[in-house]
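Using the sequences provided together with the hints, build the complete structure.
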Amino acid sequence: MAQPENGVSEADVKKIARLSRLHVEDAACAPIAEDLNGILAWIEQLGEVDVEGVEPMTSAVDMPAPLRADKVSDGGKRDDVLKNAPKSDDGFFVVPRSVE
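Sequential numbering of the sequence shown, starting at 149, is according to the numbering used here.
Hints listed in this document are in silico derivations from the structure and should not be mistaken for laboratory results. Don't take every hint at face value.
Stated by the list, open to error - What follows is a set of in silico ranges between Cβ atoms, one per label pair, in the way DEER data are often shown:
| hint | residue 1 | residue 2 | range |
| --- | --- | --- | --- |
| 1 | D183 | S246 | 11 to 21 Å |
| 2 | K235 | I164 | 34 to 44 Å |
| 3 | R169 | I191 | 19 to 29 Å |
| 4 | A178 | V229 | 42 to 52 Å |
| 5 | G195 | A159 | 19 to 29 Å |
| 6 | V243 | E203 | 42 to 52 Å |
Yeah, the Cβ is synthetic: ideal placement off N, Cα and C, and Gly gets one too.
Encoded structure:
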């Protein structure tokens with residue numbers, strides 16, 4: 149596989165997989181590297197788009213974000229949530245002991 153300059157190599161895929169604690173077969177490294185290089189090439193194409201005079205936006209619709217009061221609450225749903233628990237006690241989930 150011809151690797152583009154500053155592209156992702158099979159060795160890079162192996163290293164990323166190891167760091168991510170993912171098992172990737174050696175035969176799958178080349179196709180993954182090719183896919184990643186395709187994604188990076190597409191991202192580079194986005195840099196060619198002329199955005200002169202385009203205002204940055206946070207939403208596709210120009211409207212203010214609704215705000216609510218910033219106050220702490222329990223959500224008022226404790227009983228509804230605890231209905232799903234196999235076992236509860238005094239408003240808390242009961243879970244089996246994991247460490248003796």
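Checklist entry - Do the beta carbons of G195 and A159 sit within 19 to 29 Å of each other? => result 26 Å, holds
Next on the checklist: Assuming the hint says 34 to 44 Å, is it satisfied by the Cβ distance from K235 to I164 or not?
Outcome noted: Since the Cβ atoms of K235 and I164 sit about 42 Å apart, the hinted range of 34 to 44 Å holds.
Item to check | C-beta pair V243, E203: status relative to the range 42 to 52 Å that was hinted | outcome: 51 Å, holds
Next on the checklist: The hint says 42 to 52 Å between A178 and V229; measuring C-beta to C-beta, is that right?
Outcome noted: For V229 against A178, whose Cβ atoms are near 48 Å apart, the range 42 to 52 Å holds.
Checklist entry - Using the C-beta atoms of D183 and S246, is the stated range 11 to 21 Å upheld? => result Since the Cβ atoms of D183 and S246 sit about 40 Å apart, the hinted range of 11 to 21 Å is violated.
Checklist entry - Between R169 and I191, does the beta-carbon spacing fit 19 to 29 Å? => result Given range 19 to 29 Å: holds, Cβ gap about 26 Å.
The structure is inconsistent with hint 1 alone, although it conforms to all the rest.
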